[in-house]
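Chain G is fixed; fit chain S onto it per the hints.
Number of protein chains: 2
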Amino acid sequence: MLNYKIIIRTLGFLLIGEGLFMILPLIVAGIYNDGDTSSFLYSALITITVGVVSMMLTFKAKKNIGRREGYVIVSLVWIFFSLFGSLPYVFSGSIPNYTNAFFETISGFTTTGSSILNNIEELPHGILFWRSLTQWLGGMGIVVLSLAVLPAFGIGGMSLFAAESPGIAPDKVNPKIKDTAKILWNIYLMFTAAETILLMFGGMNFFDAICHSFTTMATGGYSTKQASIAHWDSAYIQYIIIFFMIMAGTNFSLSFFAITGKPRKMFRNEEYKFYLIFIGIAATILSIGLILTSNSGIEQSIRDALFQAVSIITTTGYATSDYLLWTPFLTAVILMLFFIGGSTGSTGGGIKIMRIVLLIKNTYYEMRRLIHPNAIIPVRFNKKSVNQQIITNVLAFFFLYIIVFFVSTLIFMVFVDNFETAFGAVATSLGNIGPGIGSVGPSATFAHIPDGGKWFLSFLMLLGRLELFTIIVLFSPSFWKR
Amino acid sequence: MLNYKIIIRTLGFLLIGEGLFMILPLIVAGIYNDGDTSSFLYSALITITVGVVSMMLTFKAKKNIGRREGYVIVSLVWIFFSLFGSLPYVFSGSIPNYTNAFFETISGFTTTGSSILNNIEELPHGILFWRSLTQWLGGMGIVVLSLAVLPAFGIGGMSLFAAESPGIAPDKVNPKIKDTAKILWNIYLMFTAAETILLMFGGMNFFDAICHSFTTMATGGYSTKQASIAHWDSAYIQYIIIFFMIMAGTNFSLSFFAITGKPRKMFRNEEYKFYLIFIGIAATILSIGLILTSNSGIEQSIRDALFQAVSIITTTGYATSDYLLWTPFLTAVILMLFFIGGSTGSTGGGIKIMRIVLLIKNTYYEMRRLIHPNAIIPVRFNKKSVNQQIITNVLAFFFLYIIVFFVSTLIFMVFVDNFETAFGAVATSLGNIGPGIGSVGPSATFAHIPDGGKWFLSFLMLLGRLELFTIIVLFSPSFWKR
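Residue numbers (my numbering), protein chains in the order written: chain G, 75 to 556; chain S, 75 to 556.
Derived by calculation from the structure, the hints in this document are not laboratory data. Among these hints, one or two may not hold up.
The list treats identical chains as one, so a pair stands whether inside a single copy or across any two.
Below, simulated DSSO-like cross-link-like pairs (lysine-lysine); rule was C-alpha separation at most 27 angstroms, straight line [to be verified]:
no., residue 1, residue 2
1, K339, K256
2, K458, K555
3, K256, K336
4, K435, K555
5, K256, K137
6, K555, K457
Predicted, not measured: the structure shown is a model, and the values here were computed from it.
Extracted from the complex, chain G is given alone in its bound form (with noise of 0.2 angstroms):
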C-alpha cells in the first residue's frame, strides 16, 4: 500500500510554500500598482490554505517515504504547483481562459517557456514577475530534485553515477537532502544576483533584468518582451545573456567546484568537455550559414548563431532572431538541436548531453565489437568505465524519448492539421525548450492551439521535464502491485 497520507502531507507542505511565495509578485503589483495586487493575495490564500488543510487532515501520517512515494509526490507537485499557480493569471483577468493559465503556469514550472500571451507587454507587472518567478522556482525545484533528492532516493539519471548515493537509511536521507539543496539554492541564487547586475550595466531596468535572470538561470526562456531578447538591440546584453544560459545548463555541481577554487575538476568532466563542443559545432555553422545568407554582417550573424544554438541546446527558447526566416538548411540545424538538451543536474531539459555522448560512445565500442568479436571492449566516461547496465537504462530512455516523440507526434495531427507545426509543438515540449517550428516558431504563440492539444503539450511538458520514466512508472501495473 502507498503511504497516502505522506504524499498528500508533503503536498501540503510544498503548496503552503508556494503561497507564500505568491507574497513576492504580491509586493511587485503593490508597488507598481496595476491593479493585479488582490488577485495575488486571493491565490496566495487560497493556495496556503488548502495547503494547510491537507498537513492538518494528514497529521498522523507516518514518516517513511519511500521510492513509490516519491515518484508519485514528484509528479504530482508539478501538476499542483501549475493548477493553484494558474489562478492569478485567471484572477487578475490577464488569461481569462483557465486552460490558457493552466498552460501557461506548467510551461513556467517545467521551465519550458512556450506562451499563449501575444500581449506580453501590456500585462501588469505583478503577473509578468509571477511568471518568470514560476520558471526560476521550477528550475530550482529540478536542479534540487536531480541533484539532492533523487540521488539520496537511489532513482533518476544522476543517482546512476552519484557513486556516494546508494545505502542511505532512510532516516539520514533528509539531512543530507537539506544540505546539498542549500548549497545549490546559494549558488543559483549567485548566479541569479550576478546576471541582474550585469544586465542592469547593460541599461536594462531593474524589473526587466531580474525578470531575465530568473528565467535565465532556469533555461526557461520566458521574456517580459513580445519580441524576447531581440527587444533589446544591444550585443552586451546579449552576449551577457549567452554566458549565463551556458552556466543555465551546466551541471550545478560542477559550477560548486568552480566558485569554490577547483575549475579543472569542471573542464576535466567530459560532459562539460561535449557540452562546450556541441555549442562550439552548432555556433560554427549557422555562424558560416548566416554569414553566407543573410545580411546582418558578420559580429551580428555570428552573435546570432551563438544565441540561437545556446538558446536552443540550454532548452532556454529565448530568440534574437527567428530561425524559421533563415535558410531551410539551417532551420533544420536549429530542429536537430531540440533533440540534445543540456547537462544533467543543470536546469535544461532534453534527452541530456551526457546521454548523447554515451550514445555515441556505445555506437562506436560496439563497431569495434564487430571487427573484434571476442575483445572485451567496456565504454569509458570521465577515464572509468561504464556499466551495462547504465548503458542500457540509457539506451532504453533514448528509445522511450524517440517513440513518445512519433506517437506524440501522431496523436497531436488530431489537433493540428500541418506535420510540422505538430513536429515541432512536440519536440520543444518534451524538450522543454519553448518554441517550436511551423506554426508555433519564435516569432509565433501557441494561442491558436485547440484547447485539447494544449493539455496534451503540457502533459508532455510534465514527461520530459520529469524525464519519461518518472512519470510512466506510474502507469505500470506493477507499480501498483503490492
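For chain S alone, coordinates are given in the frame of chain G:
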C-alpha cells in the same frame, strides 16, 4: 592486410552471374521486339568480360575470406551490380542520364523501389523486365546473405540468434552456405511462381504477373504501370498481392518450416506474432480512419488500409491509394510505419520487427527494474532469456539508425528546401521502402531531386539495406588497422 585478390575474384565471379542474368531480359526483348535487344547484349558482354578479366587477374588468390573481407565484398557487390546493372537503361536510351540510371538500378537491387521514371508504360518490355529482375535478385541476395552467408561468418544481426552458426571452420563454410542458399532459393522461386499463377487467374497478363511477382517477393515495389497496383481495380488481385507481401516480409526460414509441415513453429515465433499484430493494429486504425473520412465504401476502405499498411511495413512500396491525399492524421500513421520494417531474414528492410520488439521489451523491463531495483530481470524472447550483449547491439543499432536519419535529413536539406520532402525521402531510402512524403509521395517520382541528392539517397539505400553497421564499419579506422 586485407586479401584484396580474393575480394576482386569474388566480385568478378558475381559480375559474371549478373551478366548471365542479363540474358533473361535479352530474351524478353527479343520476344517483344521493342528494339532494346542490343542494349542487353552489350551490357551482358561488358559485365561478363569485366568479371572474367577480374577472375583471370586474380587466379592465384588465396582462398581465405575472413570477416573483414566479407564486409568489403558485401558492400562492394551492391555498388558494382548497380554500376553495371544501369548500363541497359543508358544503352537503350530509356534513362539517358547516368545518375538517374544508377539511382533506378540501386533502388532496384536494394529492393527500395523509389523511381525517377514518369513514363513507365512507354518503356520497352525488356527494360521493364530487367527493372523488376534487379529487385528480385536483390531480394534473393539479401535473404541468402542474412540467413546463409552472414551466420556462417558469425556476423550480422541474425547470426546473434543462430545458435548453430559460431565455430564453423572456414573450410566448412562453403558447403553449408550452399545448402542453406539452395533451400531458400527454392522457396523464393516457388512463391514467385505461385504468385504469378494466381495473378494470372485474376486477369493479369503473364508479363505483368511475373514482373509483379518478382517485385512483391523482393518487397521491392517496382510496377510495370505508372499508377502502381491502383492500375488494377480488382479486389482479387489486390488481396493476392497483400498475401504475398506478407509472405515476403516473413523470415524465410519460418516459411521453410511452414512448407515442410511445421506451421506451429511459425506461429510460435514471437517476431512473426508481433509482425502480424503490428499489421493488424495499423490496418485497423487506417480502416476506421478511411471509413470515416473517405467516400470509398467499407470494403474498399478496409482493403486500401490493409494494402497500404502491409506495403509500408513490409517496405514494399506499392500503392493502391495515395496516402498523401488522406487526412493528415492518417498520413502521419503511415509515416510512423516508415520506422518499423519487415522481419529479420525476410526481404523487407527498415529497423525490423525483432529489434522493435526487443526495444519495447527492454524498456518495459527497465521500468520494472526502476520499481524493483534489486531484482534481476532479463529480457525474454521466444521463451529464452536474451543475452545482454544482444540488447546492447540492438539498442546501438536503433540509436545509429535515428542519428543517421536525422543527420541525413539535415544534409538533404542542402538539395531540397522542403523539410517534409527531406524527411520523407531520407526515411524511405534508409528503410528501403520506395515512396516518401512531400514532393516524393506515391503519385510522384524522384526525377526532380538534384543529381547530388540522388547519389546521396543511393548511398542511404545501400546503408539501410546492409543494416548500417556493415557499411559504417568500413569507415572506422580500426577496421583498416592490422
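With 27 angstroms as the alpha-carbon cut-off, assign the pair K256 and K137 to within, between, both or neither.
within (22 angstroms within a copy, 70 angstroms between copies)
Same-copy or cross-copy closeness of K435 to K555 [CA-CA at most 27 angstroms]:
Between copies only: 19 angstroms across chains, 37 angstroms inside a chain, cut-off 27 angstroms.
How would you label the pair K339, K256 (within, between, both, or neither) given a Cα cut-off of 27 angstroms?
within (21 angstroms within a copy, 62 angstroms between copies)
Regarding K458 and K555, is the shortest C-alpha distance of 27 angstroms or less found within a copy, between copies, in both, or in neither?
between (37 angstroms within a copy, 25 angstroms between copies)
Between the shortest in-copy and the shortest cross-copy C-alpha distance, which are at most 27 angstroms for K256 and K336: within, between, both, or neither?
Classified as within: same-chain Cα gap 19 angstroms, cross-chain 67 angstroms, threshold 27 angstroms.
Within, between, both or neither: K555, K457 at alpha-carbon 27 angstroms:
The answer is between: 24 angstroms across copies meets 27 angstroms, while 40 angstroms in one copy does not.
Against the hints set out earlier in the document, no violation occurs for any number.
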